[in-house]
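**Student:** Now for the letters of each chain:
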Amino acid sequence: MNVLGPSLAPYIRSSRMLKKYVTPIAHWYADLMGYRKMGLKYDDLQVEESSQVQRALGRLTPRESYDRSYRFKVASDCDLHHKPLPKEQWSKPEDDKRYLQPHILNVLKEEEERLTWDTMTVQRK
Amino acid sequence: MLARRASAFARSFATVVDNAGVKVAAIDNGQPTTAVTFLVKAGSRYEPKPGVAHTLKNFAFKSTAKRSALGTVRESELYGGILSASLSREYLALTSEFLRGDESFFVDVMSSFLTSSKFQRHEFQEYVLPVVEAESTAASRNPATHALELAHSLAFRSGLGSSLFASPHSHVSLDDVKEFAARAFSKGNIAILGTGIDSAALTQLVERTLAGASVGNVAAESKPSTYFGGETRVESHGGPETVFIGFGAAGPVDPALAILSAHLSPQPSVKWSQGLSPISAAIPQGTSVQPIIMPYSDATLFGLLVQGSTAEGVKEAAKVATKALKESAGLKGDALKTAVAKAKFAAASSLDGRDGILGALSTKVFVNSDASIEATLASIDKVDATAFSKSVAAITKAKPTFVAIGSVQALPFADEVGL
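Residue numbers (full-length UniProt numbering), protein chains in the order written: chain A, 1 to 125; chain B, 1 to 419.
Since the hints were derived computationally from the structure, they do not count as laboratory data. All values reported here derive from a predicted model rather than from experimental measurement. A couple of the hints might just be wrong.
[To be verified] Heads up, simulated DSSO-like pairs for lysine-lysine below, C-alpha to C-alpha not over 27 Å straight-line:
(1) A:Lys19 - A:Lys73
(2) B:Lys49 - B:Lys62
(3) B:Lys118 - B:Lys187
(4) B:Lys364 - B:Lys326
(5) A:Lys125 - B:Lys66
(6) A:Lys97 - B:Lys118
(7) B:Lys223 - B:Lys49
(8) A:Lys109 - B:Lys118
(9) A:Lys109 - B:Lys62
(10) B:Lys178 - B:Lys49
(11) A:Lys125 - A:Lys97
(12) B:Lys382 - B:Lys364
(13) B:Lys178 - A:Lys109
(14) B:Lys337 - B:Lys323
(15) A:Lys41 - A:Lys125
(16) B:Lys66 - A:Lys109
(17) A:Lys97 - A:Lys73
(18) B:Lys332 - B:Lys271
[To be verified] Distance windows between CB atoms, simulated:
(19) A:Arg124 - B:Gln274: 47 to 55 Å
(20) A:Lys109 - B:Arg141: 37 to 45 Å
(21) A:Leu4 - B:Leu78: 28 to 36 Å
(22) A:Glu49 - B:Glu179: 54 to 62 Å
(23) A:Pro84 - B:Tyr127: 20 to 28 Å
The beta-carbon is built from N, C-alpha and C at its ideal position, and this holds for glycine as well.
Assemble the whole structure, with the sequences as input and the hints as a guide.
**Tutor:** Written out as structure tokens, the structure reads:
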């Protein structure tokens, strides 16, 4: 089990019929989750208490890091008021991209490569 | 013996221009290991902003499309090879030394840097920038290196005057490096040199692996060099007091300078002797004088590096060195013959080692010259007393380049030394 958690998305995307019917349900569920009403993006919910995610967070551009910290501040403020943000300030679905997932996948790939190099047996032909 | 080596050098020096302009030259003397060098016209002379060439050199062997940085290092270690990158004012040299038979892997490693390096941001920040900073700091703490950098900057200003090292004040961004790499890594700017490998085999390998390189005819632009000269002093402590007295000229390298350097060099031919140099007899204890020639494709900087533990000693030694330099214009007879013989030996024996061979090839490969060692020795031989004194007079007439590093209140000025 890796830090991104289990996911049926690759399987669903691989089938055209499944993709056609499941995608609207997925969009509806993401809206229902309510994180967009606090001005957050999906990757802001990513569990960051792990060394791999910390390495991935180190690869964000300074602008991305700053925006992420800003969204956390806004969401914490929201939590204090026990109210969601006004509708104009909700994060838009088209802006809700997975900005951290590619970095996490790269980190996981690099760790796996390091493990392979550390444990391989070598034979000279 | 020299004749055999010389003819072997001349015979196996093959300059092949393949269909898109990559030059290949290789010499095979039957060594058990092979060394292949990719020479790119991406030296500090061609950099658009200060520090970019130094940063690009430190990006060598990091992630490419074919293998990651870790994969490159681990796989090279398994093969038993040595990878290195070095920067000179005109060229970026990527070198790998390995056992015969492994050339396809190592040529692939180096050419994938030229064709498909990823230049990732996190590698730039975590691997490249700390090394750039460390090398720049080490260079500025070494008075001899610092003196040469300042001398070049005074002598040539832009182009050849650009420093080999990034400075802490010049902010180099990843985009600068990527742009410089895209322009410099085009086929007309690349030459492949090999020792211990057959020329035809290397050409074949290179054609296969560099097939994807940009065929851009964006030749590295640099204005032709002019020599200016000047004087500067830098306060410093913790190292030897240093003075560099330099002279330069635009144009191809003059063989008389090699003879002058051989004449002045205090390095004795017989150990524990003082040698015949006019300098070694007269400099005070604890000081050293070293002649330095730096030939480039269209200019040369020649100079004497004087170092010592006290500023007064260095002042004395600098006066002796300048006097010897000016008096050597009248060199003739047996003394000239000694100097000529020493210069010829130095030129020939430099080809004993791999570094010397690569250095000699790198000066010739881009200009497609087939000059062999015999031609170099002959050109040194041809210099007679009148030609020699003319050359020395010509360089000492131009404005000298004077650099003093150390306790500047005690170190001499250029006119105090006799310039």
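**Student:** Take the hints in turn and mark each one as holding or not.
**Tutor:** Here's how the hints hold up against the structure:
| no. | hint | verdict |
| --- | --- | --- |
| 1 | A:Lys19 - A:Lys73 | 35 Å, violated |
| 2 | B:Lys49 - B:Lys62 | 22 Å, holds |
| 3 | B:Lys118 - B:Lys187 | 19 Å, holds |
| 4 | B:Lys364 - B:Lys326 | 32 Å, violated |
| 5 | A:Lys125 - B:Lys66 | 22 Å, holds |
| 6 | A:Lys97 - B:Lys118 | 23 Å, holds |
| 7 | B:Lys223 - B:Lys49 | 15 Å, holds |
| 8 | A:Lys109 - B:Lys118 | 16 Å, holds |
| 9 | A:Lys109 - B:Lys62 | 16 Å, holds |
| 10 | B:Lys178 - B:Lys49 | 12 Å, holds |
| 11 | A:Lys125 - A:Lys97 | 48 Å, violated |
| 12 | B:Lys382 - B:Lys364 | 20 Å, holds |
| 13 | B:Lys178 - A:Lys109 | 25 Å, holds |
| 14 | B:Lys337 - B:Lys323 | 21 Å, holds |
| 15 | A:Lys41 - A:Lys125 | 52 Å, violated |
| 16 | B:Lys66 - A:Lys109 | 14 Å, holds |
| 17 | A:Lys97 - A:Lys73 | 19 Å, holds |
| 18 | B:Lys332 - B:Lys271 | 26 Å, holds |
| 19 | A:Arg124 - B:Gln274: 47 to 55 Å | 54 Å, holds |
| 20 | A:Lys109 - B:Arg141: 37 to 45 Å | 40 Å, holds |
| 21 | A:Leu4 - B:Leu78: 28 to 36 Å | 32 Å, holds |
| 22 | A:Glu49 - B:Glu179: 54 to 62 Å | 39 Å, violated |
| 23 | A:Pro84 - B:Tyr127: 20 to 28 Å | 44 Å, violated |
Violated hints, in rising order: 1, 4, 11, 15, 22 and 23; the structure is consistent with all others.
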